[in-house]
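A.B. asks: Position chain B against the provided structure of chain A, taking the given hints into account.
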Amino acid sequence: MKQRVDWSPAETLPDRQIVLSLQGIPAGASPSPRVSAIFEAAVAAYLESAEPRALVADISQEAFAKVFDGEGRNAAETPIGAVVPRADALALFVATVGARVTDRTRALFAQNDPALAAMLDAVASGAADRLTQLLAARFPAVPDGGDGRGRVTLGYSPGYCGWHVSGQRALFAYLGADAIGVTVNESCLMHPLKSVSGVLAAGPPGIHRFAPGYEFCTDCRNRTCLGRLQRLFDETSSG
Amino acid sequence: MSLLRDIAASLQRGEDDQVAALVGQALDDGLDPAAILHDGLIAGMAVVGEQFREREIFLPDVLLAARAMYAGLGLLKPLLATGGVPTAGTVVIGSVQGDLHDIGKNLVGIMLTGAGFEVIDLGNDVPPQRFVDAACQHGAGVIGLSALLTTTMPVMKDVVELVRSRGLEGRIKVIVGGAPVSDAWARQIGADAYGYDAASAVERVRALVGAQA
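Quick mapping for you: the protein sequence lines, in order, are chains A and B. Residues 0 to 238 in numbering that gives the first Met the number 0 are what the first sequence spells out, letter by letter. Residues 0 to 212 in numbering that gives the first Met the number 0 are what the second sequence spells out, letter by letter.
So that you can see chain A by itself, here it is in the shape it has in the complex:
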């Protein structure tokens, strides 16, 4: 089943610390009052200009295998290749905060207000990431598996963890994401820029655990998997 999801901008606002960390401000640091004021102004600009929405569709293991293969450019071994076959349910998704946020960011740069522009960009980046979490939270389907440990839904995206970014083409073709105004260009870059796409995989927590020792991990700057894996470990070992 394919479903369109719309949110209010306020529902998609990222946590303040996430935005500040995207600006290079570590947790525990005290930003100056001027920086705090810029954060508030960026939030206001985001609330005025964001148009968050998504398209999500269930997909079978077999159909996903074809989408994942894409143009045959994935790494030989990937965590996704290990996670997905053990998942109980899968869904493809594309989500965006809309083009107006990026337009606003560019206008601010053009007006020589780089501090607010960069902060708004960080708010929008954090919000785009949050869309994946919001979709994962509403991913229907998989109740407690009967082992008392529930199920965890996480998203995996083309361009990360060995899934080559050219996989966007097959993903977008499957979803028909232009229905919510999101497209990919020849470079597989999404428009609007602040968009996310990928597969939601639901299953026992253990399926999402992997050691980040793949060949492509060496050059990865994001390393967001480390925090994600840590949170997963903390949540599931405390219960």
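Calculated directly from the structure, the hints in this document are not laboratory data. Please note: incorrect hints may appear among the correct ones.
Stated by the list, open to error - Ranges of calculated distance between the beta carbons of each label pair, as one might list FRET restraints: (1) A:E39 x B:A206: 37 to 43 Å; (2) A:D233 x B:S1: 52 to 58 Å; (3) A:A74 x B:R52: 32 to 38 Å; (4) A:E214 x B:S1: 54 to 60 Å; (5) A:Q2 x B:E53: 46 to 52 Å; (6) B:T81 x A:E214: 53 to 59 Å; (7) B:R54 x A:S35: 32 to 38 Å.
Remember, it's a predicted structure, so these values are computed and weren't measured experimentally. Just so it is clear, CB atoms sit at the ideal spot from N, CA and C, and this is done for glycine as well.
C.D. replies: Here is chain B on its own, set in the frame of chain A:
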């Protein structure tokens, strides 16, 4: 000169209105626009850059200072243009063809401007020929290329090869950067330098310009 020190100090605090007022006052007092630029604005940004490198301040603080710098620079530029004041060098920057990301590239441009470079920003989705043409047209010694996608990184190689095929190697240096870009990639395609982030890009560009001198 106390007024120039005040300009630098106000800039470090990100006080754009105050910087504009002080630059205006300095001009009214008959100070040389080049001195106001170098000993006021650039000197202030140099301190900001150092504090940023030492992690004493954060990116938003740097960008507030940059906004203040622009406020002063806006008053000086018409005078500097007619005075033929030398810059630290000219750098052509842009996001490569197929890539529409521009935040990182913009930050590099801001930091380079703060370091006294003349920056020609070609925007995003820039084809190789345009980079090289612009560098020749503006007498730039450095081309800075940004890419945020593995699919657009090969365009960087096209620019490097175009510089070579036109016999400009050595005269025009190429620096590359962006999330998926690495030092190894820079070496692989024959680029002259790799900038891990905006601050390191400025250092590398300085070194490249120094190497040309």
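A.B. asks: Quick check: which numbered hints come out false for this structure?
C.D. replies: Going through the list in order, the structure violates hint 7 alone and respects the others.
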